[in-house]
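Asker: Knowing the structure of chain R, use the given hints to seat chain V on it.
There are 2 protein chains.
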Amino acid sequence: MNPKLQWLRNKMGSLNLQGMIISNPKNIKYLTNIDAEGILLIKRKENIYITDGRYIEHVHSILTINDEIIVYDSNDVSTDDNENFFMFCENVGFEENFITYATYKEYMRKYKIHNFVETEYIIEKQRMIKDEEELHAINRACNITDECFSYMLQFIKPGMTEKEIAYEIEEYYRHMADGIAFDPIVASGENTSKPHAVPTDRKIEEVDIITIDMGCKVNGYCSDMTRTIFVGKVPDAVKPIYDLVLTNQKQVLDEYRDGASVRHLSKIVEINFKMRGHALIHSLGHGLGLDIHEPPYISHKSDALLRENMVVTDEPGIYIPGKFGVRIEDTIQITKFGCIKLTNSEKNYIII
Amino acid sequence: MNPKLQWLRNKMGSLNLQGMIISNPKNIKYLTNIDAEGILLIKRKENIYITDGRYIEHVHSILTINDEIIVYDSNDVSTDDNENFFMFCENVGFEENFITYATYKEYMRKYKIHNFVETEYIIEKQRMIKDEEELHAINRACNITDECFSYMLQFIKPGMTEKEIAYEIEEYYRHMADGIAFDPIVASGENTSKPHAVPTDRKIEEVDIITIDMGCKVNGYCSDMTRTIFVGKVPDAVKPIYDLVLTNQKQVLDEYRDGASVRHLSKIVEINFKMRGHALIHSLGHGLGLDIHEPPYISHKSDALLRENMVVTDEPGIYIPGKFGVRIEDTIQITKFGCIKLTNSEKNYIII
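These protein sequence lines map, in sequence, to chains R and V.
Quick note on the working numbering: the first sequence kicks off at 1 and runs consecutively.
Quick note on the working numbering: the second sequence kicks off at 353 and runs consecutively.
Bound-form chain R, shown alone (with noise of 0.2 Å):
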């Protein structure tokens, strides 16, 4: 069996579960490789994969005897099989974040489970810790996003609206990668006080800030990455608000290791921003991997501690309304006694 199968079932067999329904599709491509549309139940002796027949094919072509996964056809599925997948157990987990009230009382009905549990993200959390083959994967859309990056650098002029640059940067990740990771954020003049800014019409100007947050998929895992750049020149307002974000964010890179503190992290930066009359209005950062926010979350919110293998972003901003904005952020793993930035791209002012 392969050994994210193995790690859940000995995680079932700590919680007392015989039995787990895992509806998540990210969860399932985590644990099986497996991008469709289906279900995987964990039984006390087998993995079942139910899928429909457009996805019978593909997904056979994914999986090795290794999985040791059985695919079916949902139609091929009678009302017998379906109660005796779980027929010996007496504990059955189920992703309570993930299906409907509905498709709960199906499951309920259709398989005749005894005790249904709620199992509060068990996947989820252990998505946080990367292999090498995650990290890989992510490496590689942190290469391709600086990339992408130089290449826009290149590419942006007056007179281009912010939804055609957001749309080049889409239209590069459809071709070098497995397309986007989010709707990439290109912000410029004072939308870029927005930090959630949606692209519009607005043409760049001669003398211009952009702020541009994007990332791309590959395999399935995301990358991440903001800069906030100039046109022409860095005007003088921007330059200490500028500052004040980059130290900050370079120190959080300091500061990231395997057990470290996300809260004190946070409120570091916190304390800096505020002492100089401004404000840390959204996290410091977040997971990535097979989602875009995945945890932990950089946050004075959290009592978590970093882990070795971890991934998360490194994105303080200050934003000021009306005015402007600045983010800078980086994908970063976390290693033992200290972190590797993933994404390479230049962070002192640039002007193009």
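Keep in mind that a hint or two might mislead.
What the hints assert, rightly or not - Below, computed lysine to aspartate or glutamate pairings styled on EDC-like, alpha-carbon distance capped at 20 Å: (1) LYS110/R with GLU472/V; (2) LYS112/R with GLU46/R; (3) LYS105/R with GLU472/V; (4) LYS26/R with GLU190/R; (5) LYS462/V with ASP131/R; (6) LYS546/V with GLU57/R; (7) LYS515/V with GLU170/R; (8) LYS105/R with GLU470/V; (9) LYS653/V with ASP52/R; (10) LYS585/V with ASP610/V.
As the list claims (entries may be wrong) - Have a look at the derived ranges for each label pair, beta carbon to beta carbon: (11) ASN467/V with ASN66/R: 47 to 53 Å; (12) ASP433/V with GLY259/R: 38 to 44 Å; (13) TYR424/V with LYS157/R: 52 to 58 Å; (14) ASP81/R with LYS585/V: 48 to 54 Å; (15) LYS546/V with ASP81/R: 46 to 52 Å; (16) GLU698/V with ARG44/R: 33 to 39 Å; (17) ARG461/V with HIS300/R: 41 to 47 Å; (18) ILE351/R with ARG461/V: 49 to 55 Å; (19) ASP530/V with ILE351/R: 43 to 49 Å; (20) ILE692/V with ASP131/R: 54 to 60 Å; (21) GLU90/R with ILE417/V: 56 to 62 Å; (22) GLU46/R with ARG526/V: 44 to 50 Å; (23) GLN6/R with LYS462/V: 35 to 41 Å; (24) MET176/R with LEU505/V: 27 to 33 Å.
Honestly, the hints are just simulated from the structure, not real lab data.
Ideal Cβ positions, reconstructed from N, Cα and C, are used throughout, including at glycine.
Answerer: What follows is chain V alone, placed relative to chain R:
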């Protein structure tokens, strides 16, 4: 109060619901025109929309005084507020097909709900019948789809890949409409034999067959059209299949009217196909509106009758595994004594 909210309140009265929590964003858009992230609470005397800081301004710009909706920032809602919302409600409805089991439990706890009642798609069922404004948006989306198809007939050339063609459709819709209603299907050669083909890097040949399934959105409302076209010439082997599909597609149009049984319609095509040795392997059609696939489903499994101002597709197809397939689809508005074809692109052999 706007007529759709008034309808819902009447419906709730007939179901003895004193309150309802609406979570499906398409249903919220339908009832209020709000397109944001949040939930709509229908209380005894008030309608409340709870969103977060990012959307407050946008939501206020959409609503008018006539909507009678009070907007809350979720950060400003206290535990007491939550407990008061449904205080005098015996029965509160929820969307069991939309909220997760975890959210269900959270609502129960947060709102101290006495009796939480499954509402079995009441709003989705109402959405089947379109009003003037909805029909206008769908009609506009269909017109743009016809225009896009004309444009694509000029654009497509041998040597292009399916992906390049799909991409051009997306770009067209991005400029001329509110984007795509679904990822366009562009399948060529033997790929046309897959009803749900995903565009590949296969290049269009000098003599080829191409199935294009495409649709866009206007103010949230979808269009959907499929044509199977030819490059160079129509192969002799394809002609009888094309003719059979087209004849049936047109025959269905003759039958579409208020009161028609979708099972009966589906059976007609199934029998016609079977007599010639072919099968109807997917539904004959589906409703569309805010969702690209919504009830009614035109299938032999459904008891539904068509009703005036439903909007549905008519899309028979025949697929010869490993060889080729033909599908022809229009978006149709049902009227009292017949139907109106909303997509009007050429359906006789198109050779480019």
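Asker: It remains to establish, for every hint, whether it holds in the given structure.
Answerer: So, going through the hints one by one against the coordinates:
1. Distance restraint check for LYS110/R and GLU472/V: the Cα-Cα separation of roughly 19 Å lies within the 20 Å cut-off, and the hinted pair is therefore satisfied.
2. Only pairs whose Cα atoms come within 20 Å are accepted, and LYS112/R paired with GLU46/R is accepted, the gap being roughly 18 Å.
3. Note on LYS105/R and GLU472/V: the hinted pairing holds, with a Cα-Cα distance of about 13 Å set against a maximum of 20 Å.
4. Distance restraint check for LYS26/R and GLU190/R: the Cα-Cα separation of roughly 36 Å exceeds the 20 Å cut-off, and the hinted pair is therefore not satisfied.
5. For the hint linking LYS462/V to ASP131/R, the alpha-carbon distance of about 39 Å lies beyond 20 Å, and the restraint is violated.
6. Pair hint LYS546/V plus GLU57/R holds up; C-alpha atoms about 12 Å apart against a cutoff of 20 Å.
7. In summary, the hint linking LYS515/V to GLU170/R is supported, as the alpha carbons are separated by about 14 Å, within the 20 Å threshold.
8. Between LYS105/R and GLU470/V, the direct Cα distance comes to roughly 11 Å. Compliance with the 20 Å bound is thereby established for this hinted pair.
9. A hinted pair counts as satisfied when its Cα atoms are at most 20 Å apart, and LYS653/V with ASP52/R qualifies at roughly 18 Å.
10. For the hint linking LYS585/V to ASP610/V, the alpha-carbon distance of about 39 Å lies beyond 20 Å, and the restraint is violated.
11. For the pair ASN467/V and ASN66/R, the supplied restraint of 47 to 53 Å holds, since their beta-carbon distance comes to about 50 Å.
12. Separation of ASP433/V from GLY259/R is about 40 Å and conforms to the stated range, judged on CB atoms against 38 to 44 Å.
13. As the Cβ distance of TYR424/V to LYS157/R is approximately 43 Å, the hint placing it in 52 to 58 Å is violated.
14. Between ASP81/R and LYS585/V the CB atoms are about 49 Å apart, so this pair conforms to the stated range of 48 to 54 Å.
15. A hinted range of 46 to 52 Å is violated for the C-beta pair LYS546/V and ASP81/R, which are about 28 Å apart.
16. Checked against the hint of 33 to 39 Å, the C-beta distance between GLU698/V and ARG44/R comes to roughly 59 Å, which is inconsistent with it.
17. Distance hint check: the CB atoms of ARG461/V and HIS300/R are about 25 Å apart, inconsistent with the given range 41 to 47 Å.
18. Taken as a hint, the range 49 to 55 Å holds for the pair ILE351/R and ARG461/V, whose Cβ atoms sit roughly 53 Å apart.
19. Checked against the given bound of 43 to 49 Å, the beta carbons of ASP530/V and ILE351/R, roughly 36 Å apart, lie outside it.
20. Between ILE692/V and ASP131/R the CB atoms are about 57 Å apart, so this pair conforms to the stated range of 54 to 60 Å.
21. A hinted range of 56 to 62 Å holds for the C-beta pair GLU90/R and ILE417/V, which are about 58 Å apart.
22. Distance hint check: the CB atoms of GLU46/R and ARG526/V are about 46 Å apart, consistent with the given range 44 to 50 Å.
23. A hinted range of 35 to 41 Å for the beta carbons of GLN6/R and LYS462/V is consistent with their spacing of about 39 Å.
24. The hinted window of 27 to 33 Å between MET176/R and LEU505/V holds, with their beta carbons roughly 30 Å apart.
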